[in-house]
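Enquirer: Produce the entire structure from the sequences given, and follow the hints as far as they go.
Just so you know, the sequences run in chain order A, B and C. Throughout, my numbering is defined as the position within the first sequence, counted from one, plus 2. Throughout, my numbering is defined as the position within the second sequence, counted from one, plus 18. Throughout, my numbering is defined as the position within the third sequence, counted from one, plus 4.
Any given hint could turn out to be false.
Claimed, not checked - Derived CB-CB ranges, DEER-like:
| id | chain 1 | residue 1 | chain 2 | residue 2 | range |
| --- | --- | --- | --- | --- | --- |
| 1 | B | Asp83 | C | Tyr175 | 33 to 39 angstroms |
| 2 | C | Tyr224 | A | Arg244 | 31 to 37 angstroms |
| 3 | C | Val36 | B | Lys82 | 30 to 36 angstroms |
| 4 | C | Arg215 | A | Val10 | 56 to 62 angstroms |
| 5 | C | Thr98 | A | Val10 | 41 to 47 angstroms |
| 6 | C | Trp97 | B | Asp83 | 54 to 60 angstroms |
| 7 | C | Ala333 | B | Glu92 | 51 to 57 angstroms |
| 8 | A | Ala172 | C | Ser27 | 56 to 62 angstroms |
| 9 | C | Gly46 | A | Arg61 | 43 to 49 angstroms |
The set of hints was computed from the structure by calculation and includes no laboratory data. C-beta: ideal position from N, C-alpha, C; glycine also.
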Amino acid sequence: MNDWSVLVGIAFLGVAYGMVLYLISVGLSVTMGLMGFVNLAHGVFAMAGGYVTVTLMNRYGVPYFASLAAAAIVVAALGFVLERTLYRRLYGTSDFDQVLFSIGLIYVSIAVVQHFWGPLTQPMRAPAYLKGIITLGGFEFPTYRVFLIGFSIVVIAALWLTLERSRFGAQIRAAVDNRRMAQSLGVNTGRLFAQTFALGSGLAGLGGGLGADILVTSPGYPLQYILYFMIVVILGGLGTIRGPFLAALLLGIADTACRYFWPQMGAVFIFILVFFILFFRPQGLMRRARA
Amino acid sequence: MAKHSVNRSARAVTALLGGLFVMGAAHAQAQAVKVGFIATLTGGQAGLGETMQKATNLYIKLHKDELPAGVTIETLWRDDTGPNPDQAKRLAQELIVRDHVQMLAGINWTPNAMAVAAFTKQAKIPTVMSGNGAPAATRESPYVIKTSFTVWQACYPLGQWAGSHGIKQAWTVVADYAGGTDAYNAFAKGFAEKGGEIGGSIRIPLNTVDFLPFVQRVKDAKPPAVFVFAPGAAAATAYMKAFDELGVQAAGIKIIGPGDITDDMELQHMGKGVLGIETALFYSAAGDRPANKSFIAAWKKEYGANDDPGIFSVTAWDEAAAIVDAVKAMHGKMDPDKTMAFLSHWKTANSPRGPLEIDPETRDVVHNVYMRKVEMVDGRLANVEFDTIPMVKDPWKEFNK
Amino acid sequence: MTREALDKAVAPRSLSRTAFGLSPWEAVPWLVAFAAFFLFPGYVPLFGQIIVMTLFALSLDIVVGYCGIVTLGHAALYGTGAYTAGLLAVHGWTEPISNAICATLVAALAGFLTGAVILRAHGFITVMLTLAVTVTFYEIANHTDKWTGGDDGLKGIDMSPLLGRFEFDIYGDTAFFYCLAVLFLALVLVRLLVNSPFGWSLRGIRENIGRMHAIGCPVYRRLLQAYTIAAGLAGLAGALQAQTTQYVALRALSFDLSGDVLIMLIIGGIGRLYGAFIGVPLYLLAQDELATRDAANWYFWMGILLIVIVLFARGGILSLASRLAEVLARRRA
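Expert: Here's what the structure looks like:
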């Protein structure tokens, strides 16, 4: 039925979009919950991932998956370095200083990117085996987006497993809940912060590379999308990892639906939605018991 | 007595020197005609301004010997960073008040054009516009001529052509701004005149990056054709990519639009997915005209074999020609009203687009409109002309006299 | 502790010595303005811009510097004032002064209504809300393009001559003095405000909100009052912009503009009353010189500057200046 296929199409595109948003934003949620740092510059890491991926593929002919992996690793390293040198000086300072710092970092990255890659958007050419249309259950979907959803699910599952089963994950959860207690139990929070930051940035880089189609790689990236990442994190609840997942899906589908049915509405609808949700659930969609 | 005569001689010499100096200064004033260009030189659409600069500089370089002795043209470039009408107006103001330019030129984007046009009324400065397709700019001020095009000139005949060539229903996808609205209105009118019906219309907000949801909607509706208008060559590439990704043409939906959507400047980056798209425009790089061939040869010689001139390269080329001719006619003294009188009657047979004249009544362009189709020629994509609609005046002005 | 030392310890961090006493330094901005007008006639339109932006930054200082609220959405109020003034003018209300007053009141109302919601939150959520407000205002203006002109901007703003005699011409002379006079009046108002008990309570709220609650200060109401006044002044700046450039574009409501003016203020120093007067001209003049040549470089140095300021010079140029003055004073003593 025609209406069905429209709704399925929207839901599908929305979920793909939401997955990308989640991959990028989950790191932000954890670092904000863990370090209490207002990192408006998180989009920079996603953007870096996009640029690394696209450059490796277009300029050096590196295969797609290798480029993605490289993007994640390079950006994780970048995050690690930045955390050690700059970010850690600002833990505990006022929100204001952190906001300013983030804006400064965003500006520098925009300039660097524009200097080396120019102002135009970078074309993302997916490998041939991921192009075209796939028919699933009578509906047609762009193959690339199907892959996107599948791949993201795998990554997300790995992430959740790590955070819930591994010692590292336990340490993070402990430190988010109660940093002092974790420290007095012997958790090296300094190193933990750096590692978590690297993880979050690396994921953002991966998300940026994967999603280069939807959130297009261009110098204006961090400013353009930061609001979306922030919405995902706030709605989802700081410091959690499941909340942002729901929030990202919700945002992805709502945004796609809006663009389909009421193209003129633009971002207004999203913000009205956000206002409402924050009004009734100020802590976000997932309530988390804090010690 | 001796002192008196020394004094008198001294005074005479001083007066003579002073006179020479003033004459020299006045002579120096008439030497350089300053023209202020306002264009988009940075940001996502920097290609627009960049190609304008290249065309202008090349034309002036090749033709500077035609200028009268002692007269030179000095170009000043200012960046509007995109559709920023208040910025454009401020730049125009500064070019006049600070840099003392005698002419303004260039100007990308309809909103910027309208803002600058309104300003030229107050400032009384001759202005040539090559960077935008605004139909009302020349109406806004008597000091403006255009060497570009108007959106109606391509879209209205296209609508008529579509209606009389078997397309009875079409959807439209345009960018949500004045240029897009113009394109839609023009197409709709021409289309309706030949019995066509618009099934549905989508307006894409300017800051959109993900076009798939919009294009999906068109695909779901399965019209026989879709009329597309994108804001600038870089956006056109993104639009075309979305259409290709969803397999719109493969699903039997014909894509038509003004030549902007397959602008030669970006055509090679659009991929084979754009083969078969039919467009209407006043220029195509594949056009078989001697003036066009020599233009492209000169361009590639200067800028490299992989640099393809497009719409705004040609309009800027013609703009530079108009400016050079005006400077020649005025001998470097650009009196505003005389310059405008000259420019309003300007015409040239050497434009790469074919015959070109300025309509004295409207001060806008009159030129051929070609129907083109994207095909492979010598291993490269090209907009091949297959039909010509001769000497089209701006339909919008005709309808809104 | 001597009385002087005690005074110094609790002295307001502003350039003036005592609450109402005037420091000779305060005449400097006005003298500079006059000198600039006569020395650089080709730059007068730019100077007019600088004056309007200074007013805008001054209004932002009330919120950020004195109330301690981080807002990335001050442009929403500026833009409201600009569009109000513009729309009134387009529909026939072209007398500049009454037009500006009307726009100021509308912007103050907008500030009151949005502030009522924003000020209920704290910290990072406040920042988000201010951003959201800006985006919402922007989109509303964008979609009511039959009124606002949308992306094309609002044009056709033709103001009547100021006081019936001084025309707004392309050279910007009238605009310059008009804006300068308004800025002066605004500064007088703000200076009185921040040095009044009202102003002190704001500082108290900024420094230790818990304490202020504890001593019974109506915190929320004070903040809202301050926010409303700041909104009105921002709207006034917007109105001046609309009147003198005869154009209003969507950028007046954008996050970009909010960010820019925040940076201008930070460079000069927040909470010191005159930070705007230093940061804005520096930023705009530098931008005029450098950004035209290479926009990418501009962003780079602005970013580095911000990072450096946050890490080393928290407080901007004025704080550096006062630290320097202290060092010199100590040397002398």
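Enquirer: Look at each hint and say if it fits the structure.
Expert: How the hints compare with the structure:
1. B/Asp83 with C/Tyr175: 33 to 39 angstroms: holds (37 angstroms)
2. C/Tyr224 with A/Arg244: 31 to 37 angstroms: holds (34 angstroms)
3. C/Val36 with B/Lys82: 30 to 36 angstroms: violated (44 angstroms)
4. C/Arg215 with A/Val10: 56 to 62 angstroms: Given a distance of about 57 angstroms, which is inside 56 to 62 angstroms, the answer is holds.
5. C/Thr98 with A/Val10: 41 to 47 angstroms: violated (56 angstroms)
6. C/Trp97 with B/Asp83: 54 to 60 angstroms: holds (56 angstroms)
7. C/Ala333 with B/Glu92: 51 to 57 angstroms: Given about 53 angstroms between the Cβ atoms, the range holds.
8. A/Ala172 with C/Ser27: 56 to 62 angstroms: Distance hint for A/Ala172, C/Ser27 holds at roughly 59 angstroms.
9. C/Gly46 with A/Arg61: 43 to 49 angstroms: holds (45 angstroms)
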